[in-house]
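Working from the sequences, and respecting the hints, build out all of it.
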Amino acid sequence: MKKQRLKEVSKGVRKVDALGLATGRALYTDDYAEPGMLHGKILRSPYANARITSIRTAKARALRGVEAVLTWRDLPRIPVTTAGQGYPEPSPYDKFILDKRVRFVGDEVAIVVARTERIAQKALELIEVDYEELEPVLDVRKALKKGAPLVHDEKECKVIIPIPYEPERNLVARVDASIGNVDKAYRACEHKVSGEFENHMSAHSAIEPHCSLSYLDPNGRLIIISTTQVPYHVRRIVALAMDIPVKKIRVIKPRLGGGFGGKQDIVLEPYVAAATLKTGKPVKIRMTREEVFVSSRTRHGMVTKIRMGADKAGNIKAIDLYALSNTGAYGNHGLTVACNVGMRTLVMFACPNMRFTSDVAYTNLPNAGAYRGYGGTQGILPTSGAIDILAEKLKMDPVDLLLKNIIKPGAEVPILNELGEGATTGSPRIGSFELAACLKTGAKAFGWKAKRRRPRDTGRFRRGVGMAPMIQGSSIPFIDMASAFIKMNDDGSFNLQMGATDIGQGSDTVLAQIAAEALTVKTSDIIVYSSDTDLTPFDVGAYASSTTYLSGRAVKKTAEKVKELILDVGAEMLKADRNRVRLEDGKVLAPGARSVSLQQVGTYSLYEKNQFQIAACESSFSEESPPPTAAHFVEIEMDVLTGKIRVLKYVQAVECGTPVNPVLAKGQVIGALVNGLSYALVEQYIFGPKGRLLNPNYDYFKIFCSRDIPDITTIFVPSYEDTGPFGAKSVGEVCINGPMPSIANAIYNAVGVRMRCAPFTPNRVLEALRKNGVT
Amino acid sequence: MRLPNLKRISRPSTVEEAGEILADPDRRAAVIAGGITFFFGANPKIEELVSIGDLGLDFIRKKKGALVIGAGTKVSSLLASRAVAGYAGGLLAQVARHIGSTLNRNLISVGGNIMQPFIWCDLPTVLLALGGTVVTGGTISRRIESDEFFARHPRQQLKPGELVVEVEFPPLAVGVKDAYLDFSLTENDFALIKIAGLARLNRGVCRDISLVVGGATALPQRLEGAERILLGKKVTDAAIEKAAAQAAAGVKLVKDIRCSSAYKRNLVQVLANDILRQLLQNKKVGR
Amino acid sequence: MMQVELTINGIRKTFETQPSETLLELLRRNGYTSVKFGCGEGACGACTVILNGHPVNSCLVLTGLADGKSVETLEGLGDQHKPHLLQEAFMETGAIQCGFCTPGMILATKALLDGNSRPSDEDIRRALDGNLCRCTGYEQIFDAVKAAARRLRAAKKPKASSK
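Residue numbers (the working numbering), protein chains in the order written: chain A, 1 to 775; chain B, 1001 to 1287; chain C, 2001 to 2163.
None of these hints come from the bench; they were simulated from the model.
One thing to keep in mind: the hints can contain errors.
Stated by the list, open to error - Here are a few chain A residues that face chain B, going by a calculated C-beta distance under 7 Å:
(1) Val246
(2) Leu641
(3) Val663
(4) Asn763
Unchecked claim - Think about it this way: if two alpha-carbon atoms lie no more than 30 Å apart in a straight line, the pair counts; the simulated DSBU-like pairs of lysine-lysine are:
(5) Lys1284(B) to Lys59(A)
(6) Lys11(A) to Lys2069(C)
(7) Lys2146(C) to Lys649(A)
(8) Lys1007(B) to Lys2013(C)
(9) Lys2146(C) to Lys7(A)
(10) Lys2013(C) to Lys7(A)
(11) Lys158(A) to Lys305(A)
(12) Lys2069(C) to Lys1007(B)
(13) Lys1252(B) to Lys771(A)
(14) Lys2069(C) to Lys1045(B)
(15) Lys122(A) to Lys1045(B)
(16) Lys690(A) to Lys1284(B)
(17) Lys649(A) to Lys1252(B)
(18) Lys1284(B) to Lys451(A)
(19) Lys451(A) to Lys1283(B)
Quick caveat, the model's predicted, so the values are computed rather than measured.
Glycine residues also receive a C-beta, built at the ideal position from the N, C-alpha and C atoms.
Written out as structure tokens, the structure reads:
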């Protein structure tokens, strides 16, 4: 663990884009307009499963102000995946931008492009469609059964790498990963627990709705400005879908109002692209809030089953986890989210016999995709529940049971090799891993032991405490790649250009801090420009918690290359031995107390002698995915007459290596936690009997507001990741995984009822209480 | 597009003028105060909106212990008003605090909240519980008692050209206590169920009782069965439980996608129990 | 077609509009892009403006009903050259992540502090209950409001005389 005195990294510097955001001058996609811009609207299916037998657009086209109406006939029939993932994607190519088949209520049917949004909206109503309604499959438990209606019966859908894919029985993916002999080991365990759990679909609900704008530049290239977490994937997939070369497309992400995974798919870009290519004009489409709820993406709902066995000393000898994942009408992220269910749970345990299996199924429901936590959120519910149940059987505290069974820093984790996201996961070794410290610190700060000793309340209002461990990763080994370009200016400042995508989490700032630290300058000396496929070098984008760790490594590597060039020039200027100069506090120092400032170096290199541009471009991919870890502790109070749960106190202890910017890191873990609380307690998708979402608005789909926030204590536990830039790991996702299992365990502690199906809304809690004779 | 045929927004300066426009069938006009109602469902035939903003209906007055509030008064003004804070021990202020969000309350008008057909039913619940009065103007000017007003959908109550101009909350008789409880999923959510109540005790006997539930249907409902069980009887735990059970059994419910009717019935019972204990036994229950 | 007169950030202007147009739509197409579309139904607060001194959802206000009134948007509060101290407070405490809720949050904060220079924690939560944030979990936004309140109070204090 080597630590150095850090000057920019580990400081809460102000965000590099703060001023633009605080003054409202920063531009988001919908704030852009092009001369002659048209507005697009998408006609969406009212049926969950249907064929379009006829579609007539004459009346719509005749409406004054309408420029074009596109249907499946107007686009090349090319299957793609909308998943924002590295190529070759481990998701099926099962999406046609417009199709003569619709697969969920809200699926795309046609595109209207008109002079104004109102005219486009009116034109939508004039499109005449005949549908042949088909029986939909709306329950993931039924989707894989014989005779279930098929979501994809077209011959063109396929996977492009050799992974299991059987659309003829609605199977999107299958995972089977194991070490040891789980069945044998489980049978031999003195203490066995098993159970089935379920978590629900939900919405990212970023406050900025999806929006994309495309236009042709003067040389005929297609420029796309979009609310995207993945500009490079957008470029590749739009090229494929529209059958135009990648080099003809430029994708730009401006300021973005929150993503959380909902903008990690290619959602609107092909639609504006198709409209611009057809009309030759700029086209903007912005989703309504209803469309965001229904037709963007959701979290995968899952049914999970777990068996966990231990010997009488409390050593866990077998863990068998299964997930049936509902991926909705399209298979994007189906396999990979499922893999992460196993990866973000089993990897925590030093258990020699573990198995993770999963079936991912199509249903005629909204399209599930990437969502912060990405399988980790789903997996920790049964895992933490099993720990809780097992601990009770063993008459042990669940914290102690965990401490006894989790891996230590530097441990080998063989199950990692089996669980890769469709490829090898690289070295099965975990570096820094301070989950034990998080458990101990969090338990102490919370007063866990004392609260656990409390006898159960018997009145109307009953308190309970629960906890959960969680881990995530930092990028996807061998698959994710990040790169950065740095050039030096005559005043000693630097331009940092990188593909890494700032979606509000502050990556522009964090990465500038890393560059500044390596170059011994201030963060304010780094000028950041990001996420433009023409001007910034490749980065997979903001997902898999890859930005701080992986993009950070690329930035540090690039900065160090630039540093070498600076030293070359400095040595030349000082006529000093190249091996004896060093960079410190923004100066090149030579023996004899001689120095030149970076400004002098910059000016010299650009103007004075042996001129060249000091610049470098470096890349990074990783052989590991160092997990940030956390332990969450919650105290609730339940009204047993109404089922309402109030959170009295919440403590989270997190470790993520060096927090590059402690203020931003704190914002990430609190934001993730609150999202997780809201998800566990109040968010629910309510579907009608034919698959229509009944609550696509904030009146009926609630998220936490300012008055719902309980007392939260956030503690960063020290740790240091050798492979990370200045010891950093990523931290953006992990804490969203805590609330659902913690609260489930707290409910059990309060009333002795094990709630296995989230969300824990009052009516569902009351139902469980009634069923179990509590009230 | 909620109002696709909207052609005009008129801002008359007298109630009579407003009434004339509304009564004219060719103009297809409707009243607008804050305008929130139209974002949640509007008759697409509407071609004209008649604003009450310039009719001098933004006021809060005390009238011999009663509180008279102009239909154009914003809910946020209720919260800022000393007269409202002092009325019925702050009951109206308490209800007002639960209406929408801080931002919404700067647009929601008392008149709009009384007239709207939606299930959030805030002011109607407490107006009915208090036995208040709706005062109209325009082509007709009359006083409609709340029991009659909320017997049918408010829009069906008013004649062409008639509009609500003020709402009167009566003075509470001596010895009358009041209370309001509601239950929602998040803090800024509109409640699943809300209950407003009045009661007067004399030597342990319930002499007056008014119990109204909102959120069960689009109109507030008097829980008559529960009232009958308690009126004129000695207050006991058993009587309260029986009344609460009757309230739950007797309440009419419409489908609410957020929870089952069985759950709502349960909420009615729990809240009725809680509010009766508060009114009749001075026991404040719940959080 | 109709005309309305609005005083936006202190400047009186006349606009062409339609009866069914909302204040949000009018403001955005006239360059006030700090006012955001988030939901269009008065639930998220991203479209908050201060109308005649009161913070409202501009997506719920028909332009005809705003005629003759004053409107404050974030553009009128401060700029890159001279940010307002409310904006400084938000920049300091991590209250701004993606920034999309920020214009609404700052205006709601301004409305709160204009009327109450010492808001309690409860006052702050209430004042912001119509502004949804999905990034921060609100805690650092509360910190910003408290910091802003302190700075405003300090700015109003008469300076101690130096002798």
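Here is how each hint holds up against the structure:
1. Val246: Check failed: Cβ of Val246(A) comes no nearer than 39 Å to chain B, outside 7 Å.
2. Leu641: 5 Å, holds
3. Val663: Status violated, d = 27 Å.
4. Asn763: With a closest approach of 4 Å, the Asn763(A) hint holds.
5. Lys1284(B) to Lys59(A): 64 Å, violated
6. Lys11(A) to Lys2069(C): Distance ~45 Å between Lys11(A) and Lys2069(C) Cα, so the pair is violated.
7. Lys2146(C) to Lys649(A): 22 Å, holds
8. Lys1007(B) to Lys2013(C): 23 Å, holds
9. Lys2146(C) to Lys7(A): 28 Å, holds
10. Lys2013(C) to Lys7(A): 50 Å, violated
11. Lys158(A) to Lys305(A): 29 Å, holds
12. Lys2069(C) to Lys1007(B): 21 Å, holds
13. Lys1252(B) to Lys771(A): Given that 30 Å is the threshold and the Cα spacing comes to 25 Å, the pair holds.
14. Lys2069(C) to Lys1045(B): Within the cut-off at roughly 29 Å; holds.
15. Lys122(A) to Lys1045(B): 16 Å, holds
16. Lys690(A) to Lys1284(B): 45 Å, violated
17. Lys649(A) to Lys1252(B): 38 Å, violated
18. Lys1284(B) to Lys451(A): Cα-Cα ~27 Å, so holds.
19. Lys451(A) to Lys1283(B): Distance ~29 Å between Lys451(A) and Lys1283(B) Cα, so the pair holds.
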